[in-house]
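Asks: What follows is each chain in one-letter form.
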Amino acid sequence: MAKPRHVRGLDPDRRLRFNGRRILVTRLDEVYAYDGDVADPARVRELHDMRIACKRLRYLLEIFDVAFEADLLPYIDEVRALQDVLGDIHDCDVQVPMLEEHLAWLGAREGAAARELVAAATADGVAADDEVAYQSFAGSLADTRHDTERPGMHALIARRRRERDRLHAHFVSEWARLKRERFRARLEEALGGP
Amino acid sequence: MARAWPVPGLRPRARFRAAAGLVIVTRWREMMSYRGGTLAGEDIEELHNMRVSSRRLRAAMDAFEAAFPRAEYRGYLRQVKEITDTLGDARDLDVAMERLDALLPQMAGDERAGLRGLIARYRAQRAREDPHIAALFERLEAEDFGPRLEAFVAEHTGVVATELNPQPT
Chain A
1 MAKPRHVRGL
11 DPDRRLRFNG
21 RRILVTRLDE
31 VYAYDGDVAD
41 PARVRELHDM
51 RIACKRLRYL
61 LEIFDVAFEA
71 DLLPYIDEVR
81 ALQDVLGDIH
91 DCDVQVPMLE
101 EHLAWLGARE
111 GAAARELVAA
121 ATADGVAADD
131 EVAYQSFAGS
141 LADTRHDTER
151 PGMHALIARR
161 RRERDRLHAH
171 FVSEWARLKR
181 ERFRARLEEA
191 LGGP
Chain B
1001 MARAWPVPGL
1011 RPRARFRAAA
1021 GLVIVTRWRE
1031 MMSYRGGTLA
1041 GEDIEELHNM
1051 RVSSRRLRAA
1061 MDAFEAAFPR
1071 AEYRGYLRQV
1081 KEITDTLGDA
1091 RDLDVAMERL
1101 DALLPQMAGD
1111 ERAGLRGLIA
1121 RYRAQRARED
1131 PHIAALFERL
1141 EAEDFGPRLE
1151 AFVAEHTGVV
1161 ATELNPQPT
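So the sequence lines, in the order shown, correspond to chains A and B.
Here the first sequence is numbered in my numbering, starting from 1 and rising by one per residue.
Here the second sequence is numbered in my numbering, starting from 1001 and rising by one per residue.
Keep in mind that the hints were calculated from the coordinates and are not lab data.
All values derive from a computational prediction rather than experimental measurement.
Be a bit skeptical, because a hint or two may be false.
Stated by the list, open to error - Pairwise CB distance ranges (calculated):
1. A:Lys-179 <-> B:Arg-1128: 43 to 51 Å
2. A:Ala-104 <-> B:Ala-1127: 37 to 45 Å
3. A:Gly-192 <-> B:Ala-1127: 49 to 57 Å
Said to hold, decoys possible - Below, in silico cross-link-like pairs of lysine-lysine (BS3-like), each with a Cα-Cα straight-line distance of 25 Å or less:
4. A:Lys-3 <-> B:Lys-1081
5. A:Lys-55 <-> B:Lys-1081
6. A:Lys-179 <-> A:Lys-55
7. A:Lys-55 <-> A:Lys-3
Even for Gly, the Cβ is constructed at its ideal location relative to N, Cα and C.
Construct the entire structure; sequences and hints are all you get.
Replies: Structure, rendered in structure tokens:
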């Protein structure tokens, strides 16, 4: 996660507006720093970092709002919407590996249960009737399987991947709209001069 | 999600330093107002509200860092981050279970067993989070964290928490 940049020229004994503007302009610049990367859906880290940058900017707009004459609420709403869609993309990016890990966990549990069964069967010695012994072992082995749980996991993974594609396309179109509508210039104008 | 508490005395022409004290004290008290409900664990919204408040507090502490001596302030900030992270681990599991529950009716019959299995695993993980949360707040109390933070803020901003006495809307 990218750390926020140090803001120069702050003076705690001056007004909230004087300092708030400096901080907000720096954090706005941090959001735009990801502009060249985020159209690529494979840039998982940059998309996540841009979400964090949006979150910082949004919270700061809410904190410093009181100091500005212009109504910052429409800007807060735009940043929140962008943060939300980036958050949903991040959820998919986190959830797919978690579901894959769950599948691996099911497999590991099956493996451990099968090893215990083999150990128990070996300790019991060879049964008099091979067929009965085999059927009993096969039945116990089947009970340890998690086959019924796998289709749901695969379906969920596929669903999240489709959702991620849709969300990223939506994000790219929203980001293009904000740039077309001169979001940055308008917000800087709303924050006024130094 | 609960609304942020209004910040008493915060005016458009406030000095940055005074504003720092007003906002941080209000957000600290707001966050701690959910402590009892979070520890009781009867309503997941209490923990959610506490986490949201802790993020507001953390954002405020980031915003007003320039009003405080850096090294000592960083110690308080780290502690608030730990609160957010600890609550976040539990909240993430609450959200994951809620979403999976909501998805169940949309899934085909043979896909539901997997979701139910995953929900059961998350439920077991979630039960292990409560003792972490309780231990964190016990430690904060034993270390007198709240009174120390409020005294530190008062020293550098002039804002006294007991006089400000912020309240929900």
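Asks: If you test the structure against every hint from before, which numbers come out violated?
Replies: Violated hint: only 2; rest satisfied.
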